[in-house]
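Just so you know, the protein sequences line up as chains A and B, in that order.
Just so we're aligned: 103 in my numbering is position 103 of the first sequence, and the numbers increase by one with no gaps anywhere.
Basically my numbering = 1-based index in the second sequence + 1000.
FYI, nobody ran anything at the bench for these hints, they're computed from the structure.
Hints are not guaranteed to be accurate.
Under the rule of at most 20 angstroms between Cα atoms (straight-line distance), these lysine to any residue pairs were calculated in the SDA-like manner [stated by the list, open to error]:
#, chain 1, residue 1, chain 2, residue 2
1, B, Lys1101, A, Gly61
2, B, Lys1002, B, Thr1024
3, A, Lys41, B, Arg1104
4, B, Lys1096, A, Thr57
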Amino acid sequence: GAVVSQHPSRVICKSGTSVKIECRSLDFQATTMFWYRQFPKQSLMLMATSNEGSKATYEQGVEKDKFLINHASLTLSTLTVTSAHPEDSSFYICSARDPEGRGNTGELFFGEGSRLTVL
Amino acid sequence: QKEVEQNSGPLSVPEGAIASLNCTYSDRVSQSFFWYRQYSGKSPELIMSIYSNGDKEDGRFTAQLNKASQYVSLLIRDSQPSDSATYLCAVKGDDKIIFGKGTRLHILP
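Build out the structure end to end from the sequences listed, making use of the hints.
Shown next, in the form of structure tokens:
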């Protein structure tokens, strides 16, 4: 399957600081990437859809000014958590569709995830 | 609101037995269905996808889909301790994939 890489895998920061997470498609071009957040023992919640060369589409309830998404190239999307607070501590996972998927049925492949802890 | 429902478990199955995981979904127009395995602290890993009614087999895994009943299941034969994980059911609607909360599976040695 397609390879998606995410960095950093773990990050600890102080309240009020900003943290950037990178998501790269290693062996394919991804015009669209998806950012999920997962709290302990909860399911993945879609935060936003990252579109190369245009603005991200945010899900209801997700603050676009707090979670900045940039998709400047076909292989890189970044999520910046601005002015982080302890309640932002979570597991953030990016994903991209299988480029070989049939039509609109392409499976999602996930990055390794980034565990953010805000002190 | 589109939903994907799973029993959270834990589901305990003896080693070597068949583990049966179930999932229901609310959006009738869904066309693509996936099962992901997630180990604790790791990101999900795709193990099966199914698009049409019936069974799809891949090694020890069999996915079953019944669109009329809005039901999808995953069978794991000859369960191994390494199968112990949380299994996420995912359903693709318009363009988004909605995940269930997952079922924790525990294979008893």
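Restraint status (C-alpha distance of Lys41 of chain A to Arg1104 of chain B at most 20 angstroms)
Within the cut-off at roughly 10 angstroms; holds.
Could you grab the alpha-carbon distance between Lys1096 of chain B and Thr57 of chain A and see if it respects the 20 angstroms cut-off?
With a Cα-Cα distance of about 12 angstroms, the restraint between Lys1096 of chain B and Thr57 of chain A holds, given a limit of 20 angstroms.
For the pair we were handed, Lys1002 of chain B and Thr1024 of chain B, check the Cα-Cα distance against 20 angstroms.
holds (11 angstroms)
Does Gly61 of chain A lie within 20 angstroms of Lys1101 of chain B when you go C-alpha to C-alpha?
Distance ~19 angstroms between Lys1101 of chain B and Gly61 of chain A Cα, so the pair holds.
Every hint, counting from the list given before, is met by this structure.
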